[in-house]
Amino acid sequence: MTSELFYFILGAGLNLLVALLIVRFVYYPATQDKTYVFTFLAFNTVIYFVLGLLTSATLSVGVGFGLFAIFSVLRYRTDEMPIREMTYLFILIALPVMNSVMMSNTALAYLLVANGAILALLFALEREWGFHFSGSKRVMYDRIDLISPAHEAHLLADLRERTGLNVERVEVRRIDFLHDTADLTIFYEEPRAAKATTAPRLFRQGAQS
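Each residue of the sequence shown is one higher than the one before, counting from 53 in our numbering.
Just to be clear, a hint being listed does not mean it is correct.
Derived DEER-like restraints, expressed as beta-carbon distance ranges [claimed, not checked]: (1) ILE61 / ALA166: 45 to 53 Å; (2) MET138 / GLU213: 29 to 37 Å; (3) PHE58 / SER188: 47 to 55 Å; (4) ARG226 / LEU105: 48 to 56 Å; (5) ALA166 / ARG212: 42 to 50 Å; (6) LEU105 / LEU160: 15 to 23 Å; (7) MET138 / VAL165: 21 to 29 Å.
Calculated directly from the structure, the hints in this document are not laboratory data. All values reported here derive from a predicted model rather than from experimental measurement. In this text, a Cβ means the ideal position worked out from N, Cα and C, and glycines have one as well.
Starting from the given sequences, assemble the full structure and let the hints guide the process.
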């Protein structure tokens, strides 16, 4: 076995291991959502092998990064991907680029540190260590008599009762006096355990940090 093949296989193993740790032990416990697991792991694995074969064939590294750029701007037209999932997808696309291009005997230690740092950062962010995360969702509201600032407390109480969410604040986007409705963006907070197990997917997709 040549050294080039050895580092190619070693990089594939490292890349897959880090991707599995991110998806299985960071992303999935926080969301309990399997919708994008296939996409994350498939993109990550295929991009590593494509870029690894390109670099082993002594083609320009620019070709590999061009391919990475094409994948990174790919959008799914059938379903809008939430911001959190888009972030994970970008990370899991960037990982194989880094691991395939830089894998060598001189850069192995740097790759281990870089992969470990990314994994640790995502783990810390998902555990909300030192950060406050809130969710947001646009809703159509039918009681425009509560939209005025003087009735803010009643508005928040009504939204909490209707949605079952701990709504903290509201932004009024548009008011339709003809139909007596208002387009609102609600910002809410709920325990992470409740998000992962009981919150409807409709609201989890609106999660932002």
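Taking 45 to 53 Å as the hint, is the beta-carbon distance of ILE61 and ALA166 inside that range? Distance hint for ILE61, ALA166 is violated at roughly 19 Å.
For ALA166 and ARG212, compare the CB-CB distance with the range 42 to 50 Å and indicate the outcome. Since ALA166 and ARG212 have Cβ atoms about 43 Å apart, the given range 42 to 50 Å holds.
Assessment of proposed distance window 29 to 37 Å (beta carbons of MET138, GLU213): At roughly 32 Å between Cβ atoms, GLU213 and MET138 fall inside 29 to 37 Å, so the hint holds.
Outcome of range test on Cβ distance (PHE58, SER188; 47 to 55 Å): At 48 Å between Cβs, range holds.
Outcome for the supplied range 48 to 56 Å, where the beta carbon pair is ARG226 and LEU105: holds, 51 Å
Within 21 to 29 Å: is that where the Cβ-Cβ distance between MET138 and VAL165 falls? Between MET138 and VAL165, where Cβ atoms are some 26 Å apart, the hint holds.
Indicate whether the distance between the beta carbons of LEU105 and LEU160 respects the range 15 to 23 Å. Taking Cβ atoms as reference, LEU105 and LEU160 lie about 20 Å apart, which means the hint holds.
This entry does not satisfy hint 1, going by the numbered hints stated previously; all others are met.
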